[in-house]
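2 protein chains.
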Amino acid sequence: MSESKKEKKTAKGRVDQLNEQLLEAQFELRKSGKGPVFLLIGGDDHVGKAEIIHTFYAWLDNRFLNARAFTLPRGLEEQMPRFWRYCRTLPPNGEIGFYLGSWYHQPLREFCTGQISEQQFSEQMQDILRFEQLLVHEGASVLKVWLEYDKSKPVHEDASSSTTVAMREWNDLSPAQFEHVHGAAQRMIELTSTEGAPWTNVCSNDAEQRDLQIGQLMLDAIRAQLSEEKQSTLPHSWIPSTRELLDELDYTPAMDKDEYKVQLDYYQNFLRQLVRHPDFSGRSLMLVFEGTDAAGKGGTIRRITQCLDPRFLRVHGTRAPTDEERRQPYLMRFWRHIPAPGNIVVFDRSYYGRVLVERVEGFCSAAQWQRAYGEINDFEHQLQQSGILVIKFWLAITQEEQLDRFEAREESPLKRYKLTDEDWRNRKQWSAYREAVHDMLEFTDTDESPWHLISSEDKRHGRIQALKIVCESLQHALK
Amino acid sequence: MSESKKEKKTAKGRVDQLNEQLLEAQFELRKSGKGPVFLLIGGDDHVGKAEIIHTFYAWLDNRFLNARAFTLPRGLEEQMPRFWRYCRTLPPNGEIGFYLGSWYHQPLREFCTGQISEQQFSEQMQDILRFEQLLVHEGASVLKVWLEYDKSKPVHEDASSSTTVAMREWNDLSPAQFEHVHGAAQRMIELTSTEGAPWTNVCSNDAEQRDLQIGQLMLDAIRAQLSEEKQSTLPHSWIPSTRELLDELDYTPAMDKDEYKVQLDYYQNFLRQLVRHPDFSGRSLMLVFEGTDAAGKGGTIRRITQCLDPRFLRVHGTRAPTDEERRQPYLMRFWRHIPAPGNIVVFDRSYYGRVLVERVEGFCSAAQWQRAYGEINDFEHQLQQSGILVIKFWLAITQEEQLDRFEAREESPLKRYKLTDEDWRNRKQWSAYREAVHDMLEFTDTDESPWHLISSEDKRHGRIQALKIVCESLQHALK
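Protein chains in written order, with the working numbering: chain L, -3 to 475; chain C, -3 to 475.
Since the hints were made in silico from the structure, they are not lab data. Among the hints, erroneous ones may be present.
[Stated by the list, open to error] Only pairs whose alpha carbons sit at most 25 Å apart, straight line, appear in this in silico PhoX-like list of lysine-lysine:
1) L:K253 to C:K8
2) C:K253 to L:K1
3) L:K30 to C:K414
4) C:K455 to L:K5
5) C:K411 to L:K4
6) L:K257 to C:K1
[Said to hold, decoys possible] Ranges between beta-carbon positions, derived for each pair:
7) L:R164 to C:D319: 38 to 46 Å
8) L:G295 to C:D319: 41 to 49 Å
9) C:L208 to L:Q395: 33 to 41 Å
10) L:G192 to C:D443: 49 to 57 Å
Idealized CB from N, CA, C, for every residue including glycine.
Just chain L, same shape as in the assembly (with noise of 0.2 Å):
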């Protein structure tokens, strides 16, 4: 036997080595249920950067393989946030997504044409930076890999071939903006590398070689994510809120019946108008309603909907996830939800879930909890940033008033379906759910997008309330 049959055999031994112990881990990771292993893949054209995921497919079992390759956003992707078109098509936990056009591309591309500065494209990887954050929190493991050739070794035929290249993400860049793509990706991988989601520089030169040593990456995310149990490590020390939000609100403002009646027809057709407004065709409003339970929520948010063109409004009641959710980062199922330009969206409860009954009936860990603070307000700030107006309101009544209610709905037959065993145990929590919601009003109240709380301790000085506060939101933003 030849020496270059000989190496022909070994390579062969390892990648069927390879192949096999990947299959085993695949299947084991998708009996654990543990979360996804994401392989993003960066690099110049014609390096083989579908081939890879071609490699892949051959390997393993398909049907849980997910491969999302993006394009420069098109269509309505340009007018929502950028995360959005990944949020809504996020692999399951269990399974293996690979990314071609990942949320890198369109940066670094910015970057290398001059449209945005540097100082813009650190910015843009610090948000990618709290995005994968994110997703290693919830338990995703992140691989990246940025494939080049080295221009001093030879390159291999089988690598070079321009016909098995399907992709070309760079081809339309000119030669001297294509000259800073190489320094560009350095500096991403310099601001981008984290432990829980580093980057690996991959030699393109050797197709074989090169699937080896992302086979074998993605063998050890695979294993790293069978044998370590997360660990949930805190944020930080906590420090629970010390302000008292709930018990300094004034519960005495009451609306006669007249006057409510004036007050409503004013401020619903100002509402029209404002929704109207040429304006706010391109801006669009999400509405967030949290409340202690029987404070009102449907009624208030029906008086407002009833202003609103039913074909550019949807209401989520927000209930406990489906399988298909839970297999997903928390946050993932609202992201879904979030309005298109023109449109409005309004949350009757919402994902403050996580902060609120998650929190309280132990759903979640302390981690996570304490970690959604800080993600919800990313999560705010990117709908902000694309021009999504997000309005917030605490619907707060007091315990007495609560007991009422409940027994109002006890005894009618029209209400009865509204009261529910939860409620009654959900009122038992009450002090937990004050303590909750202090924390909640203290860490997500921003200047972008702060929280009104509302006494609906009289129902119609409540709705009045709120229209008035999304009134007066919608007014100062279409200025």
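Chain L is already provided as a structure; the job is to place chain C on it using the hints.
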């Protein structure tokens, strides 16, 4: 008590009673998990179309109500089949859906403005009838109301108040065009009132009467859903196919390695050229792969996807439906995955599962799979009409070859995962599958979307055949 006060009190009592009955019915519907109830609302502007929905939101448990309101199609919607946007947002079993701007609105408008002829209008009504029939067969209840004022009678103040109207569908029509709406709507009602999905004309002069009437219709519809076991009437007396294509197929063609390399290279290059054709950006391609277990679907698919830009490609491995998918009509989850213009979607197994595994294993009723042939033909017809090229393959191997491959898989550590107990079980059902395949090949082989029956007894032969057919079909379509 004055007469008018008495009347008011009686009306209030009737409303409360209906409300209570509706709440009860909604709860039972939810508990039963039976098909959803859809209320389609059409009519003039200012007749309270949106207000009806507000009334139901005030009456019922909001969490299980779904309002869907559509404008005329925009952006991507314009390029996709007409029913796509409705299918991807269909409310699930056990819930109630309200439609404003339903699938009737666009054809009705186009007819009134003269964009389509009466003939085209009738054809579109036929398409709608078949679509609604599918929904009804799959368990939904479809109610349709058309709202108009009776101009011979006084209009109650509440009903005419223009301030409460949030949605205007016709206000951009000229007076001459608007004159056609009434007549066109009556024609629509004639053409599309069926037992399963009837229209009701509702007089809007009095808002309370209007809501009471529609509330009663809804109550009757929910109760009917709950009481009757939907009759699984067979579509016609079933006459199975008499053609035995699988037996007539020539399984002998084979290809040697060298010839295979040449041909593979040729057709892969051809395919790369074709998808870069400028006209392809306005078309799209949907490949459907079905075949005997171990026939080599995965390998064949990979030879095709290797040539394609991953950014415009999705491969869908069809698995058992998720819980969410089970709560919707069978075809809906496939509607969600159809390709957008310029894109390619490959189904590794597909909606044909209904007439294959679901039929053979008894996962659906005889009525369901017997109906499915026509439903699938409709589905594919709608795709083809909107520019999506559908190419379907059945990869066939003999029983002996399958046994050889199963045994080889058992012995190979790299292929063992591909063989499950289910495969052995399916093999025992060989003749039942053979029958199902014959029926499928006969009843869903249309001029637009013919089946390509390929011998995969020799894998190389099978792969080249499939590639060649993809190339030739695409070339023909792009002419």
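Going through the hints against the structure:
With a C-alpha separation of about 19 Å, the suggested pair K253 (chain L) and K8 (chain C) falls inside the 25 Å cut-off, and the hint holds. For the proposed pair K253 (chain C) and K1 (chain L), the alpha carbon gap of about 19 Å is at most 25 Å, so the pair holds. Our distance criterion of 25 Å between C-alpha atoms is met by K30 (chain L) and K414 (chain C), whose separation comes to about 22 Å. For the hint linking K455 (chain C) to K5 (chain L), the alpha-carbon distance of about 24 Å falls within 25 Å, and the restraint holds.
At roughly 22 Å between alpha-carbon atoms, K411 (chain C) and K4 (chain L) fall within 25 Å of each other, so this suggested pair holds. Proposed proximity of K257 (chain L) and K1 (chain C) is supported: the alpha carbons are some 21 Å apart, at most 25 Å. Take R164 (chain L) and D319 (chain C): their Cβ atoms lie about 41 Å apart, and the range 38 to 46 Å holds. Roughly 32 Å separates the CB atoms of G295 (chain L) and D319 (chain C), a value that falls outside the hinted 41 to 49 Å.
Between L208 (chain C) and Q395 (chain L) the beta carbons are some 39 Å apart, a value that agrees with the proposed interval 33 to 41 Å. Distance hint for G192 (chain L) and D443 (chain C): a CB-CB separation of about 55 Å, consistent with the stated range 49 to 57 Å.
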